[in-house]
Amino acid sequence: MKTALQQGLRTGAVFGIVIVFMALIGFTVTGPILLAKILGNAPKPEQMPAVSYLVLFLALTGVWCGAKASTPGRYSGARSLSASLAAGAAAGAISGLIVAIYAWIMGGVDARGTDLRPYLAQVSPAAVKLFLFQLGLPAAALAHLGLLVASSLGGALLAHLLRAVQFGRRVLGGLSVRTARVVQQARRFPYAIYVVYAVLAVLLIMLPRAWGSYWNYIIGTVGLYVILGLGLNIIVGMAGQLVLGYVAFFAIGAYTMALLTAPQPHALGWNFWLVLLLGLLLAALTGILLGLPILRLRGDYLAIVTLGFGEIIRIMLRSDLLTPITAGPKGVRDVMLPSIFGYSLASDVNFLYLILIFVVIFVFITARLQNSRTGRAWVAIREDEIAARASGINTFQSKLLALAIGAAFAGLAGALFASRNQFTGPEDHSLMVSINVLALAIVGGLNSIPGIILGSFALKGLPEILRELEDYRLLVFGALLVVMMILRPEGLWPASRPNLENHSQAAEPAAEKTAAAVKAEGD
Amino acid sequence: MTICLETQKVSKIFGGLTAVDQVDLTVKEQSIASIIGPNGAGKTTLFNCISGFYKPERGQVLFYGKPIQGLSTDVIAHLGIARTYQNIRLFANMTALENVLIGQYPHLRSTWVDAIVRHPRFVREERESIEEAKRLLRYVDLAGMGDNLARNLPYGAQRRLEIARALANKPKLLLLDEPTAGMNPQETEEMTRFIQNLRDSLGITILLIEHDMRVVMGISEQITVLDYGVKIAEGTPREIQSNARVIEAYLGPGAAKLSERFRREKRGPQVHEHA
Numbered sequence: 001m002k003t004a005l006q007q008g009l010r011t012g013a014v015f016g017i018v019i020v021f022m023a024l025i026g027f028t029v030t031g032p033i034l035l036a037k038i039l040g041n042a043p044k045p046e047q048m049p050a051v052s053y054l055v056l057f058l059a060l061t062g063v064w065c066g067a068k069a070s071t072p073g074r075y076s077g078a079r080s081l082s083a084s085l086a087a088g089a090a091a092g093a094i095s096g097l098i099v100a101i102y103a104w105i106m107g108g109v110d111a112r113g114t115d116l117r118p119y120l121a122q123v124s125p126a127a128v129k130l131f132l133f134q135l136g137l138p139a140a141a142l143a144h145l146g147l148l149v150a151s152s153l154g155g156a157l158l159a160h161l162l163r164a165v166q167f168g169r170r171v172l173g174g175l176s177v178r179t180a181r182v183v184q185q186a187r188r189f190p191y192a193i194y195v196v197y198a199v200l201a202v203l204l205i206m207l208p209r210a211w212g213s214y215w216n217y218i219i220g221t222v223g224l225y226v227i228l229g230l231g232l233n234i235i236v237g238m239a240g241q242l243v244l245g246y247v248a249f250f251a252i253g254a255y256t257m258a259l260l261t262a263p264q265p266h267a268l269g270w271n272f273w274l275v276l277l278l279g280l281l282l283a284a285l286t287g288i289l290l291g292l293p294i295l296r297l298r299g300d301y302l303a304i305v306t307l308g309f310g311e312i313i314r315i316m317l318r319s320d321l322l323t324p325i326t327a328g329p330k331g332v333r334d335v336m337l338p339s340i341f342g343y344s345l346a347s348d349v350n351f352l353y354l355i356l357i358f359v360v361i362f363v364f365i366t367a368r369l370q371n372s373r374t375g376r377a378w379v380a381i382r383e384d385e386i387a388a389r390a391s392g393i394n395t396f397q398s399k400l401l402a403l404a405i406g407a408a409f410a411g412l413a414g415a416l417f418a419s420r421n422q423f424t425g426p427e428d429h430s431l432m433v434s435i436n437v438l439a440l441a442i443v444g445g446l447n448s449i450p451g452i453i454l455g456s457f458a459l460k461g462l463p464e465i466l467r468e469l470e471d472y473r474l475l476v477f478g479a480l481l482v483v484m485m486i487l488r489p490e491g492l493w494p495a496s497r498p499n500l501e502n503h504s505q506a507a508e509p510a511a512e513k514t515a516a517a518v519k520a521e522g523d
Numbered sequence: 001m002t003i004c005l006e007t008q009k010v011s012k013i014f015g016g017l018t019a020v021d022q023v024d025l026t027v028k029e030q031s032i033a034s035i036i037g038p039n040g041a042g043k044t045t046l047f048n049c050i051s052g053f054y055k056p057e058r059g060q061v062l063f064y065g066k067p068i069q070g071l072s073t074d075v076i077a078h079l080g081i082a083r084t085y086q087n088i089r090l091f092a093n094m095t096a097l098e099n100v101l102i103g104q105y106p107h108l109r110s111t112w113v114d115a116i117v118r119h120p121r122f123v124r125e126e127r128e129s130i131e132e133a134k135r136l137l138r139y140v141d142l143a144g145m146g147d148n149l150a151r152n153l154p155y156g157a158q159r160r161l162e163i164a165r166a167l168a169n170k171p172k173l174l175l176l177d178e179p180t181a182g183m184n185p186q187e188t189e190e191m192t193r194f195i196q197n198l199r200d201s202l203g204i205t206i207l208l209i210e211h212d213m214r215v216v217m218g219i220s221e222q223i224t225v226l227d228y229g230v231k232i233a234e235g236t237p238r239e240i241q242s243n244a245r246v247i248e249a250y251l252g253p254g255a256a257k258l259s260e261r262f263r264r265e266k267r268g269p270q271v272h273e274h275a
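These protein sequences, in sequence, are chains G and U.
Here the first sequence stands for residues 1 to 523, numbered as in the working numbering.
Here the second sequence stands for residues 1 to 275, numbered as in the working numbering.
Hint data in this document are derived by calculation from the structure and do not stem from the laboratory.
Fair warning: there could be bad hints in the mix.
Said to hold, decoys possible - To give an idea of the chain G side of the interface with chain U (calculated C-beta under 7 Å), a few residues:
(1) K44
(2) P45
(3) E46
(4) R209
(5) I365
(6) R368
(7) T374
(8) A380
(9) D384
(10) A390
(11) G392
(12) N394
(13) R497
(14) E501
Remember, predicted model here, so these are calculated numbers, not experimental data.
C-beta: ideal position from N, C-alpha, C; glycine also.
Sequences and hints are given; from them, build the entire structure.
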């Protein structure tokens, strides 16, 4: 009982502070708007949502708080109903108290007519009034307290009941067993994978026609980031070289395309496909030239030097000195769109096809490199560079090759990017691009191709879909990374090493033998 | 008999410390030689000079008469010197079989372009190298465990895997840095027999660092003793056992006299009986 109460107080304090924080950053407005949208009742733009949605939003938070407070830790035993409810009540009371105090302060400030927006951009008088449920002062504070205590108690009760029937465990356990069985059966049927490929191919061909240009644009962006992610994965994931200036190669591809095809500033008008190839080659060459001096560095030093390189490229592109060549800060407009034998690929559907074709090509290349002598050498360098060298790998050459191939991917993605937007400027190539690409590879799962595709969707696709959360993108991003590192430290879809020993013949008996052997040796 | 490895007055200096001081060492082809000495005597430093991790400040390292000091580690590996490490250095997140495949790296020819286009050369080489790796895993008694990640293998298996990786290099000279460290007597016994078998069946020259005297005295044909970076003795196990300087290096000054007395007392009655 005592531990339950303590846990309740702790959880309540955390949730109370979180709610105050959400109010300060304006999430107590955005959250209810999202809820209203989900329930098909969206308010007009620039308008506050109805009070009932705020109540629902806070109640849901309270339920979560109560459930969290009443759930015993992993190492403590089961908890009685009264202990659970006590924990829930304590959590509700504490969080309610914190929120009520906040409401009281805000109410006072608002009554005096002080505008807090110079300091807290999201705390407008309207938002404060909404947070006070459009009520007067003592009533609003009491309402907050009552709402949180009630919802928290409800959450505690709910969590207790669910624990009693072990709902969660049974459902999740059954699910994982079932998926495992499906995967196992699929393995036994070697052609299943081709069926999956065929379905994917049909989807990729059909969907762009059905989606409309907005979706095609988003998916195209995701596709470009998949290419970038695969390229960076070769450098960071396989060869283990932390290169943070990856955007530089992207910029080189984009500017090659822009400067050689756009009417301004050079009016060269070269052939699109030639320039595409040239962008790829130039990026690879830059990778080699950059790698020659810096690949002797390791870890943090390499990261910092490459970070600087990325910034140097961006600053050079916008410098006054180079304006006659690079068009300076205003960027290059009217970059050429692709056409093939006089047939224009300018429409969004055709351009998406073009991107998807390259995605497929690069996925294919990465997959083949992964399980080759070269790919294994990269992974060996990542694992232990000294031991790799003592095994006869020329680590310098290997790392240079990884950098060149990775850079080539980025060069091509950049060229496509410039052509698709028909524009590129220095600000398209900021440090954020490098960080995004690195983050998507880590979130998805380093070294795992499906992981990187998943990561691109999660980090580039989702933010486009959840436009309402635009202001919180970085916040959500940080939270997502923290949660990921706790729950799935190896990424959404972690990589696995190939089973080369028992590849074809009689996989299962051998696997059992392995397990037995490991066990025997362990004893 | 051909000389496999020779160091001539090799010195390695770290700042003010001379870790290896003008060491001469000669290892005959297809022999088992050992380097012993107290902790910090410079044994591993000498190994690192041979395998190219360090460039000695002075002196020469000759491998089959060819100077190799100052060459980079991967080139030395190509020439045919493979090694294991005092604290195991496997590629922890790769499978055991992949570790052995990495060992074969210098002997494989297919390039990254071959891999992308699935050139027949790549396919054939991949198949053959996997077969070879399986054979090596069987040889070190790790058959069936090739698909486990190296870090998940038990300690003894990791030691053997390290040797398998070194053997995949097809070395002429194998440097083993404390191959029985952390093993119980039975495992030590097995490892000793394994090393002897390596030389007998594969004809590889073996140079090892070892602290376990039973192993050293049991299998070495020649022992070199280092102390404070200086070679203080060299000879057969029997010669080393009775060498006064060696005993003092291990047990402190005066120990040689004590040991001599101990030996005489122990031998005394026996001599009596025979007489």
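Right, here's what the structure says about each hint:
no.	hint	verdict
1	K44	54 Å, violated
2	P45	50 Å, violated
3	E46	52 Å, violated
4	R209	31 Å, violated
5	I365	6 Å, holds
6	R368	5 Å, holds
7	T374	4 Å, holds
8	A380	5 Å, holds
9	D384	5 Å, holds
10	A390	5 Å, holds
11	G392	3 Å, holds
12	N394	5 Å, holds
13	R497	5 Å, holds
14	E501	3 Å, holds
Of the numbered hints given earlier, the model fails hints 1, 2, 3, 4; all others are met.
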